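For the protein sequence lines, the chains are A and B, in the order given. First residue of the first sequence? That's 1 in our numbering, and the numbers climb one at a time after it. First residue of the second sequence? That's 256 in our numbering, and the numbers climb one at a time after it.
Derived from the structure by calculation, the hints contain no laboratory data. Nothing here was measured: the structure is a model prediction, and the numbers come from that model. By construction, the Cβ of each residue, glycine as well, lies at the ideal position given by its N, Cα and C atoms. Please note: incorrect hints may appear among the correct ones.
[To be verified] Simulated restraints, written as ranges between beta carbons of each label pair: (1) SER99/A <-> PRO400/B: 41 to 49 Å; (2) ARG54/A <-> PRO340/B: 42 to 50 Å; (3) PRO400/B <-> LEU244/A: 25 to 33 Å; (4) ASP269/B <-> ILE97/A: 30 to 38 Å; (5) ARG54/A <-> GLU376/B: 46 to 54 Å; (6) LEU244/A <-> LEU309/B: 35 to 43 Å; (7) ASP269/B <-> LYS7/A: 54 to 62 Å; (8) PRO11/A <-> PRO340/B: 28 to 36 Å; (9) ARG364/B <-> PRO146/A: 25 to 33 Å; (10) PRO11/A <-> LEU309/B: 54 to 62 Å; (11) LEU309/B <-> SER99/A: 34 to 42 Å; (12) TRP114/A <-> GLY356/B: 49 to 57 Å.
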Amino acid sequence: MINVFRKGWRPAAVLLLLFILWEMAVNLAEVPAWLLPPPTDIIQEAVMGWEGFRPHLQSTVLLSLCGFAIGTAIGLLTAVILHLLPFIRESIYPLLILSQNVPIIVLAPLLVVWFGFGILPKLIVITLVCFFPITVAALDGFRQTPGELRHYMLMAGAGRGQLFWKLELPYSLPSLFSGLKISATYSVMGAVISEWLGAKAGIGVFMTLASSSFRTDRVFVAIFAIMLLSLLFFGGILLAERLLIKWKSRESGRK
Amino acid sequence: MIQLSVNSLTKSFDSNRVLSNLSFQVNEGEFVSILGPSGSGKSTIFNLIGGMLLPDEGSITLGNVEISGKRGSISYMPQTPSLMPWRTTLQNVLLGQEIMGKADPETARKMLQKAGLGDYENAFPHELSGGMKQRAAFIRALLSPQPIILLDEPFSALDELTRLDMQKWLLDIWNEHKPTILFVTHNIEEAIYLSDRILILGSKPAKVVQEFKVPFGRPRMEGIFLDKNFLECKRSIHHALKNH
Ligand SMILES: Nc1ncnc2c1ncn2[C@@H]1O[C@H](COP(=O)(O)OP(=O)(O)OP(=O)(O)O)[C@@H](O)[C@H]1O
Ligand SMILES: [Mg+2]
Numbered sequence: 001m002i003n004v005f006r007k008g009w010r011p012a013a014v015l016l017l018l019f020i021l022w023e024m025a026v027n028l029a030e031v032p033a034w035l036l037p038p039p040t041d042i043i044q045e046a047v048m049g050w051e052g053f054r055p056h057l058q059s060t061v062l063l064s065l066c067g068f069a070i071g072t073a074i075g076l077l078t079a080v081i082l083h084l085l086p087f088i089r090e091s092i093y094p095l096l097i098l099s100q101n102v103p104i105i106v107l108a109p110l111l112v113v114w115f116g117f118g119i120l121p122k123l124i125v126i127t128l129v130c131f132f133p134i135t136v137a138a139l140d141g142f143r144q145t146p147g148e149l150r151h152y153m154l155m156a157g158a159g160r161g162q163l164f165w166k167l168e169l170p171y172s173l174p175s176l177f178s179g180l181k182i183s184a185t186y187s188v189m190g191a192v193i194s195e196w197l198g199a200k201a202g203i204g205v206f207m208t209l210a211s212s213s214f215r216t217d218r219v220f221v222a223i224f225a226i227m228l229l230s231l232l233f234f235g236g237i238l239l240a241e242r243l244l245i246k247w248k249s250r251e252s253g254r255k
Numbered sequence: 256m257i258q259l260s261v262n263s264l265t266k267s268f269d270s271n272r273v274l275s276n277l278s279f280q281v282n283e284g285e286f287v288s289i290l291g292p293s294g295s296g297k298s299t300i301f302n303l304i305g306g307m308l309l310p311d312e313g314s315i316t317l318g319n320v321e322i323s324g325k326r327g328s329i330s331y332m333p334q335t336p337s338l339m340p341w342r343t344t345l346q347n348v349l350l351g352q353e354i355m356g357k358a359d360p361e362t363a364r365k366m367l368q369k370a371g372l373g374d375y376e377n378a379f380p381h382e383l384s385g386g387m388k389q390r391a392a393f394i395r396a397l398l399s400p401q402p403i404i405l406l407d408e409p410f411s412a413l414d415e416l417t418r419l420d421m422q423k424w425l426l427d428i429w430n431e432h433k434p435t436i437l438f439v440t441h442n443i444e445e446a447i448y449l450s451d452r453i454l455i456l457g458s459k460p461a462k463v464v465q466e467f468k469v470p471f472g473r474p475r476m477e478g479i480f481l482d483k484n485f486l487e488c489k490r491s492i493h494h495a496l497k498n499h
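The whole structure should be built from the sequences, with the hints applied where relevant.
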């Protein structure tokens with residue numbers, strides 16, 4: 001905790017300075033609030049409008065958590081299948097990379113055409129943005145196991161399953177967590193984009209409504225909420241990593 | 256009783272013939288060293304016995320069972336400790352047993368205690384010194400249920416003092432448990448100090464050019480390094496290596 005404080009004060013100070021500059025610039029130049037509201041207005045709106053904003057926030061949190069969970073599961077499963085079946089890896093992996101070049105913004109409306117306005121197309125969008133970093137990270141982790149450890153395991157008589165569970169999976173954990181961190185932040189993004197397609201509630205909906213009625217202060221509340229949420233998700237993954245990879249954190253702690 | 260028997264083994268990598276008609280035997284409870292220059296094919300012999308490679312010709316039997324190409328028939332300690340960084344010392348030494356079936360933490364704990372690793376039971380490999388890692392790697396091999404242990408230059412990465420320590424420790428353990436050991440080294444003194452028998456390997460392609468019976472009884476004291484006989488042994492082995 002003290003560590004967070006010690007490392008965190010510098011960016012926090014810069015942020016504060018930025019806000020002060022922003023406030024002063026907006027006031028001096030007399031920028032109208034619908035163009036760019038000062039930070040104090042945004043904070044005020046966040047506090048005053050909290051009751052109205054909360055259901056949207058809850059909906060987005062739930063959606064991104066569900067999407068992230070599904071994306072992680074599918075990402076891991078894909079990685080394991082591609083790793084254990086080299087034949088499938090060679091034929092599918094290039095296509096997988098290609099699939100990431102289809103812009104989500106283009107794909108999303110199509111998904112609505114195919115699956116309607118329910119939760120399904122939204123989960124598909126989040127899963128699509130989440131699973132890829134996890135698959136790539138896990139695959140890299142599996143494949144980078146040191147030759148000497150693999151050689152020992154094989155000499156000692158390990159079968160394919162033992163090789164995976166006792167060597168490749170634990171070895172890939174740090175790499176896997178890098179993927180999870182990226183996906184966790186992407187999942188909030190994916191949720192907001194999917195809400196733009198049409199939803200009853202969510203930060204995405206809140207944002208569309210706010211910008212179409214020129215409530216720029218509300219747009220900024222939404223932006224900051226998205227940033228905070230991503231940060232929170234990131235922190236959660238970091239915490240899980242600390243708990244799960246004790247050997248690594250102790251190692252770096254000693255250096 | 257013959258434990259491991261290697262019969263007319265031949266192995267080439269493409270056009271590079273590494274082993275040619277190699278034969279030797281290791282008896283039960285015997286400590287045999289393979290001594291040969293770097294690149295002569297010592298690790299290749301281990302890979303063949305361990306089932307990682309298939310011989311082009313010849314056979315390998317362990318207690319009358321053909322084991323060429325069968326992984327897991329032998330217990331193995333590589334040149335690098337190869338401990339899993341996410342496992343504690345105790346979990347690491349149990350790995351060999353786990354792979355073959357059942358782990359027995361009680362015996363493992365006792366052995367760690369005796370090896371001076373009792374306080375490091377729950378430490379991770381990066382918290383151990385080089386010598387301690389090698390000890391853990393050896394205990395892992397010793398605890399594995401297979402009837403013979405192959406050690407591939409286990410001490411070559413250690414400094415001189417630690418190496419002497421480890422050799423003494425290995426002899427103590429060997430005296431207590433009398434496991435069958437096949438030991439690869441390119442250190443002549445180490446081979447004489449530790450083994451009952453030394454197989455001197457000539458290179459390109461490798462075969463046993465001379466077999467050397469070590470004339471010292473057991474248990475062995477460190478003092479034999481200064482023995483006149485010791486120097487004599489060293490000289491004749493040196494000679495055998497030079498002439499091939
Ligand atoms: N998988 C392989 N493919 C091709 N050549 C190989 C392979 N493994 C070993 N060799 C060759 O076989 C020869 C013997 O190698 P090996 O590793 O068995 O030697 P070594 O006696 O263990 O050497 P060192 O003492 O340095 O460990 C070398 O010339 C090497 O290039
Ligand atoms: Mg070698």
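Status of the hints after comparison with the structure:
| no. | hint | result |
| --- | --- | --- |
| 1 | SER99/A <-> PRO400/B: 41 to 49 Å | holds, 48 Å |
| 2 | ARG54/A <-> PRO340/B: 42 to 50 Å | holds, 45 Å |
| 3 | PRO400/B <-> LEU244/A: 25 to 33 Å | holds, 31 Å |
| 4 | ASP269/B <-> ILE97/A: 30 to 38 Å | holds, 35 Å |
| 5 | ARG54/A <-> GLU376/B: 46 to 54 Å | holds, 51 Å |
| 6 | LEU244/A <-> LEU309/B: 35 to 43 Å | holds, 40 Å |
| 7 | ASP269/B <-> LYS7/A: 54 to 62 Å | holds, 55 Å |
| 8 | PRO11/A <-> PRO340/B: 28 to 36 Å | holds, 32 Å |
| 9 | ARG364/B <-> PRO146/A: 25 to 33 Å | holds, 28 Å |
| 10 | PRO11/A <-> LEU309/B: 54 to 62 Å | holds, 59 Å |
| 11 | LEU309/B <-> SER99/A: 34 to 42 Å | holds, 41 Å |
| 12 | TRP114/A <-> GLY356/B: 49 to 57 Å | holds, 52 Å |
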